[in-house]
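Residue numbers (this note's numbering), protein chains in the order written: chain H, 146 to 517; chain D, 29 to 411; chain P, 7 to 642; chain A, 613 to 925.
Keep in mind the hints are simulated off the structure, nothing from the lab. For each residue, glycine too, the CB sits at the ideal point set by N, CA and C. Watch out, some of these pointers could steer you wrong.
Non-contacting residues of chain A with respect to chain H, defined by C-beta distances greater than 10 Å in every case (computed) [stated by the list, open to error]:
{"hint": "1", "residue": "Gly690"}
{"hint": "2", "residue": "Phe697"}
{"hint": "3", "residue": "Arg761"}
{"hint": "4", "residue": "Ala768"}
{"hint": "5", "residue": "Ile776"}
{"hint": "6", "residue": "Leu782"}
{"hint": "7", "residue": "Arg834"}
{"hint": "8", "residue": "Ile837"}
{"hint": "9", "residue": "Gly853"}
{"hint": "10", "residue": "Ser860"}
{"hint": "11", "residue": "Ile865"}
{"hint": "12", "residue": "Leu867"}
{"hint": "13", "residue": "Ile884"}
{"hint": "14", "residue": "Phe887"}
{"hint": "15", "residue": "Ser905"}
With a straight-line cut-off of 30 Å between C-alpha atoms, the simulated DSS-like cross-links for lysine-lysine are [said to hold, decoys possible]:
{"hint": "16", "chain 1": "H", "residue 1": "Lys426", "chain 2": "D", "residue 2": "Lys70"}
{"hint": "17", "chain 1": "D", "residue 1": "Lys159", "chain 2": "H", "residue 2": "Lys426"}
{"hint": "18", "chain 1": "H", "residue 1": "Lys297", "chain 2": "D", "residue 2": "Lys175"}
{"hint": "19", "chain 1": "D", "residue 1": "Lys175", "chain 2": "H", "residue 2": "Lys426"}
{"hint": "20", "chain 1": "D", "residue 1": "Lys175", "chain 2": "D", "residue 2": "Lys205"}
{"hint": "21", "chain 1": "D", "residue 1": "Lys111", "chain 2": "H", "residue 2": "Lys426"}
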Amino acid sequence: MRLYEYVLRRILFMVFVLFALSVLIFYLTRGLLPPTTALAPYINPRLTDAGKLSIARAVGVATSSCPSFSDFAALQNGCITPLWTQYLYWLKNVLVGNWGYTLLPGISGTESTWSVFFGRFPYTAELDIVAAALTFLIAVPLGIISATHNNKAPDHLSRIVSLGGYSIPQFWFGAMLLLVFVLYVRIGGLGLLPASGALGTTCALCFSNPGTITAYTGVPLLDALLSRNIPYFWDSVVAIILPAMTLAITSLGLLTRIVRSNMMEVLRQDYITMARSKGLKERTVVYSHALRNAILPAITVTGLLVTYLIGGSVIVEIVFSWPGVGSAALVAADVLDINFLELFVLVAGVIIVVTNLTVDILYAVLDPRIRY
Amino acid sequence: MSQAHTQEGGDDILSIQELKLKFHTYAGEVSALDGIKLSIKKGELLGLVGESGCGKSVTALAIAGLLPPNAEVTGGDVVLDGKNVLALKPEEMRLARLKDIAMIFQDPMTYLNPVLTIGSQMAEITRAEPKLFVSTLVNYRLRQIDKQVEGTNPNPGLPAERERLRHALESQSLGRKELNELTRSYAISLLRSVRLPEPEKVFEMYPFELSGGMRQRVMIAMAMMRRPKLLLADEITTALDVTVQAQILHLLKDLRSEINTSVLLITHDLAIVAEVCDRVAVMYAGNIVEIAEVHELFRNPLHPYSKGLLASVPRADLTRTPDSIEGSVPDLLSPPSGCRFHPRCPKAFEVCPSRKPSMIEVAPDHYVSCFLYGGLNGKNNNT
Amino acid sequence: MYDIYGSSVVPMNVYEPLFSYNGTNGVNTVPWLAQSYTLSFDGHTLSLTLRSGITFADGEPFNSSAVYFTYNRILVMDGSAPIGHGTQASWIFQQLLNTSLSTTLCACTQVYGTQYAQDVIAEHFVQITGPLTLELHITNPNSALLYFLAHPVSGIVAPGFVMQHDLALWSESSNDYQLPYPKLSGNETQMTNEYMIDYQATCNTGATPKGCAQTYLDNSVDGSQAGTGPYTVQSVNTATNIITLSANPNYWGGPSGNVHAQIKTIIYKYVPDQTTREIDLQNAAAAGQAMVIDVAPTNIYDVASRSDWINHNNLVSTTPGVTIYGPYTQYATWFIPLDTNVTNPFTGTYYSFQPFADYRLRLAFADSVNLTLINEQVNNKLGTVANSILPPGIPPSGTNVSSSKLAYSYNPDVVQSLLLSAMENPITHFTLENGTAAPSGEFSNAFGCTALNAAGTCNHPIPQTIPLVYATGDTIDEAILNQIAGTINNVSTTYNMGLSVDVTPLPCGQMTSEAFSGEVYAWAESCFGWYDDYPWALDFFEPIVAPGGIYAAPEGWNTAQMGEYWNAALQASSQGDMTSLINSINSMNALANEQVSNLWTFYPDIYMVMTSNIRGFAFNPGFYTTGEPSQMALLY
Amino acid sequence: MSHEMKQPEKNPAKSRRQHSDLRFALHLLRQNPIVMAGLVISVATVVLALLSNLLVNGAYWHQQNLTLRLCWNNPAFGWPVTNLFNCGGQVYPLGTDAYGRSLLQMIILAIPIDLQIALEVVASAVVIGVVFGSLAAYMGGLIDEVILRITDIFLAVPWILLAIVLIVVLGRSLTTLTLAIIITWWPWYVRLMRSQVIGEKEKLYVERLKMMGAGWPRILFRHVIPNSIYPILVQSTLDIGSVILTVSALTFIGLTPNPLLPELGNLSNQGIEYFFTAPWLIIFPGLTILIISLGFNLLGDGIRDIFDPRLRR
């Protein structure tokens, strides 16, 4: 089978998964919660019952024959449309990006859920990407060292690190970092790192007034660079250290383990013995013969890693008051802002599925032996 | 004529004394080598035969210092060309492998890195320690140049190059670029000399694009590249079909005489031994039970095991059907006491289980370790 | 969690009303943008003279047509206060005029569309009599008039600025409506009227419902120059809830002339986590930056010295470079409604068990909590145990709270006897919300057993469960409800009454919606706090005790009597007859107390935690928001 | 003859394998003290969980004492925080929590609760995984496809999001908490079991059983599953730690059935609220979680090595 066929098939499959995911999430939220909850995000508080009813019809939860909103709220007189109709309306709204008004506290009721979500999303993206980078930078060498020194001190050490990271409650690790670096360790009486938010507006080591930047991308680090505001950039860097570290340390276990076991397997291959028998330096053996074969399979867990990071960022964002979608998700859960959660789940789904797709294709392309 | 050669060539390139070796496994300690004694003369082709699992390959690995981490040498020395290999520091051992000891392995499929081209896997040898290869490469090139200069209408640039190379020879150093170029042409010439078609193409190919026989040739070429003092050939023909086997073996022989290296040919196939070897050592359960010159051994094998081994070989003239030895190779976790062969030995008697026989020279250059031929009187001193 | 838009962050510092609560207490109002005023005896006409020489941040002059624009805009546009404020702004003003204008006042459906704008214009609420003089024509006089005008939602906005931006906003997104006046013309009055009609034209409940169009000020978008206040809105990040105010260089200086923005930039940052806020404060204090943070009463000892507060009643900071001001009492009361006529959300019908229809059970619940202890241990003394619905000092002064007696006080023994009597002879007759008697058999308050056995316990008790709900994370309410549950369950187990009280946290939003739709027996409301739209005793009662208020009137409640007091109070208020107003308010108070309609808990205290380098701020108890003290400072 | 046929059914390799597994396990423990530590911790945890109700009266967690809130009087360690509350006579080794309960007692009461949830989750996930995984693998074709795609859907959402949604929808209780985690967990086991069975069903003895005309349920449940279930059990040990982490994470962010419930994440939740006045409230519960999950992970890691053929040499 040719590459493009393979890609095509994977894309179709991706679309299917997303569709199924939408059905799942729709059923969970709309099927199991009363239709009034589903309606809430679309209703502007000022509306009269008549207005509400017309909206309920427009959103597709109330039948056109429904006499009054109170009947609708009491789920009587055949006011509620069948679930599949609701789904079609819902899907239409999802596709045109109409997610109604946000219910999040602290935000004007006239803000749309969509704009709120994607206003915050860049911060989460920034956090996750930085964390992912850190994870790779730490995990891969760790895995290699522990494989090349199997059952020796470095191996034990790196296993403890990765297993430890894997076993530490993320919220606790974050809290301890705060305790240590913000409360107890002080530089010249100053807090070492900012406790909150993506910007260093309150961090002691930060430039007192970093000024403002133009939101090209919404991602502070990038925007700061694009608008050449170096103080702002450093503030953002300083601000992201602790959260990203927390996320990375607690996520690297998976990757380290994969790299380690791959590496150990590869090092047991005959061609490694051959390479040694040729009198090559151990470094040459490891890096030019073993590494590539060991890293390649490790790429395949990237998808898993992304899933883990997105999940983890919810907790980390809460601990560090990171203004991303993760911390907002919890608030959304508190105020029953179903649409926000739905949006989050779907976006996360898209990201993960696409990542997996890219990884698979990349893998297929990279390894000369793979014949899909 | 090779006999004459071995007789007069007195000095050993390799001599193994009382080599004892254990494997530590979760199941317990496996005593893989139980004090083996072996020597190879310069330019000699020694066969090492025995059933699989009797410690042939381990011996080779021990010589090349490629033992797995859970192996431990508990006694004896391996002296290669005057220096004790076992005492070498890792770095020295590496250099020894790079220059003096080359090894060719059983399975050409798995012993080449699938994701690197043949070329790069050959080139990395010279790149590992350029100094060691300068003279080889340069001399090779000089010879080429000489030929061309003598030949009709030589390339005018040649004399200049010759000068440059001579300087390089003195300073023992080459530019990176030049090193690579020379390596390439040299490697290709080697590939040609192991009779690979279109060596330039092969140089660029990935292993999985080559057949088994071709890969084995590539491995031999790699070995030749280093002009080693000792070549360890571990079951190199097992994975190949018969016709290819023959070619490879002849290649080995030619190579041996060409660069005058000594070869330890490990195999379980007596036919091969008979075909190419000068001397042969029979191994059983971590012991060398009999060493003799090939024809001698085939004419009158002494050790009961050797007898059995020979008997099990199918003959061309089907005067009698091959009969196999009773029982199977012992589990070396708990090796039999005394002579390790006694449980399977048809001629075993009361001494065998209790004491370990020593090597006795029963005929010139014919050693055997079996109580049937004496060694009963006096303590077990492994002379 | 607080709403930086709904709260008075921006109103306080960016927009100014004609009057202001006077700084020390909110009891009186003083002219602010207004120079002077006279109110006719019948209370139907308020004549105003405005200060001269004041300009909006965008340079527009402040004059009577600005007031005309602002007040009419408020009337016509719900949530049109400088910062969106739900229906509050309009309803506060609408009640001064023809009640048919207001959904809240008349139980009628709101007229949408341009007709509504026409109705408002026809009211001629604001009459311009000169560039700096004007009259307000009031259909329904109200003694709280000046408090309305001092309310942050009635801050005056710059007409030109707002009209220009709104028109731009509406015409760019005019896909599902047509603006009658795409370009405004005529004099300012004329333009204002057209603007109002245009706005109503944008209201639609079409296929993808959007209500009415947004207005430019709704999110106090970047660079709002529409106020006369000491600050202007520099930027607003709706996603991360960061509002940046910057000083208004040509601020007029206030009545005293010496009010000036000394801080160049104020950044309002939304940091929901208590700990994080405190860490930030510490860092800021150490780094010499200026910062005000909100510290919950439960966490006061994170920043304040305990011994100083317990022993000497001083809030002394434990962090160098941090100062704490306060505590100040504010016009707010926390309480726990004990509801009757509770319905089952799934069936939509009444629960047959309506414990709080029984006065004895209401009293028993109220008697089983030691508020003083909780105030000291959990609320850390940052509040006063409430002895009536009315917070102290709320105007009109004289609505005296100390005189009204509470029917309850912490007393487990009384709880025990009350429970026993309620169990042995449960009430049999119920009244529905609409006053009619409930059909027999529909309700039964029976629990436990009617007669105890020799051992003094029930043999086969009828089990009943009363769930109490509070807002997740509200430590104080949690403590209160837990103690109630503890006491009641304790008695119940001694006599094997089968009555069990369990306490569950609900997300604030969920709890409130369930509570307002009458689906929970008793709930703690302080997650949004009970506060007045403006400091006026009468307004405090309306939703809680007045007939037709949002809380269901409990069984045994003398609705008729309360109704009479209520009408008398309204009457007195409209005639400005303070004495009888105060009398009827106090009688309502007394009635409410003796009936134990609700369990009043605390009057919350406010205090300000800020770095010491911040000079001068005005605390104003008149503002309607509870909690978030830092939101209430006018920094200058 | 029938005797010969029986042989493959009883899969003779197994007993010997277990035997050598045991030796390998001991070998590992000898050479790798970390695994030993894991074993010790896990066993200790389980024991503590079993004993907890004997050590501490289970009713204590309902009892609050507002006058003893947030106090620390461990003589061994004076906490360097201002405004330290005093706790009267009795000594509280780990201080008291926001409800005036001894933190140590609460932690002891919490361990069985967390462990129970973990076990419930893992057990149900294993059951689901084994049944559907083996069905998918053994039946192949459409069934395989369907089951795989379903797992794909669940794996395309971060677990915590799915859990949040579920808890919001189903309301907050221990049951829904457990359920939510199970729902995010089972797909892994299906995947794992599937790969195992696919390997197992290729084996010779399955063919021979088929030839003998044994029905698929018999082959699957009597032979294939018992032979391929090992790694699942390993995974489940490893996962107990992770599940405890998950549970505590969810309760920490406030998705808790009852704030008084002594559950490690729940206790930490109080802790983050009183970070300044009572740091011990977050430190110790979190530390407990760390130790327990680390214990199980170390153990699981070791066991995985035992079952990893590539590590055999």
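For each hint, the structure was consulted:
1. Remark: the non-interface label on Gly690(A) is consistent with the geometry, its nearest Cβ contact in chain H lying 15 Å away (cut-off 10 Å).
2. Residue placement check: Phe697(A) keeps its beta carbon more than 10 Å from all beta carbons of chain H (closest about 19 Å).
3. With a least CB separation of 7 Å from chain H, Arg761(A) falls inside the 10 Å interface cut-off, contrary to its annotation.
4. At roughly 5 Å from the closest C-beta of chain H, the C-beta of Ala768(A) falls inside 10 Å, breaking its exclusion from the interface.
5. At roughly 5 Å from the closest C-beta of chain H, the C-beta of Ile776(A) falls inside 10 Å, breaking its exclusion from the interface.
6. The claim that Leu782(A) is not at the interface with chain H is violated, since a C-beta of that chain comes within 10 Å of its own (minimum 7 Å).
7. Non-interface call for Arg834(A) relative to chain H: holds, since the shortest CB-CB distance, roughly 32 Å, exceeds 10 Å.
8. Listed as outside the interface, Ile837(A) is consistent with that label: its C-beta sits roughly 26 Å from the nearest C-beta of chain H, beyond the 10 Å cut-off.
9. The Cβ of Gly853(A) does not lie farther than 10 Å from every Cβ of chain H; its closest approach is about 6 Å, which violates its non-interface assignment.
10. Against chain H, the non-interface label of Ser860(A) is violated: not every CB pair exceeds 10 Å, the least being about 6 Å.
11. Not every beta carbon of chain H lies more than 10 Å from that of Ile865(A), the smallest distance being close to 5 Å; the non-interface claim is violated.
12. Annotated as non-interface, Leu867(A) brings its C-beta within 10 Å of a C-beta of chain H; the closest such distance is 7 Å.
13. Listed as a non-interface residue, Ile884(A) fails to keep its Cβ farther than 10 Å from every Cβ of chain H; the least gap is roughly 6 Å.
14. With 10 Å as the threshold on Cβ separation, the claim that Phe887(A) sits away from chain H is violated: the shortest Cβ distance comes to roughly 7 Å.
15. Against chain H, the non-interface label of Ser905(A) is violated: not every CB pair exceeds 10 Å, the least being about 4 Å.
16. Using a Cα cut-off of 30 Å, the hinted pair Lys426(H) and Lys70(D) holds, with the two alpha carbons roughly 28 Å apart.
17. Restraint check for Lys159(D) and Lys426(H): satisfied, since their Cα atoms lie roughly 14 Å apart, inside the 30 Å limit.
18. A hinted pair counts as satisfied when its Cα atoms are at most 30 Å apart, and Lys297(H) with Lys175(D) does not qualify at roughly 56 Å.
19. A hinted pair counts as satisfied when its Cα atoms are at most 30 Å apart, and Lys175(D) with Lys426(H) does not qualify at roughly 36 Å.
20. A hinted pair counts as satisfied when its Cα atoms are at most 30 Å apart, and Lys175(D) with Lys205(D) qualifies at roughly 24 Å.
21. The straight-line distance between the Cα atoms of Lys111(D) and Lys426(H) is roughly 21 Å, inside the 30 Å bound, and the hint therefore holds.
Of the hints listed earlier, those the structure fails to meet are numbers 3, 4, 5, 6, 9, 10, 11, 12, 13, 14, 15, 18, 19, in rising order.
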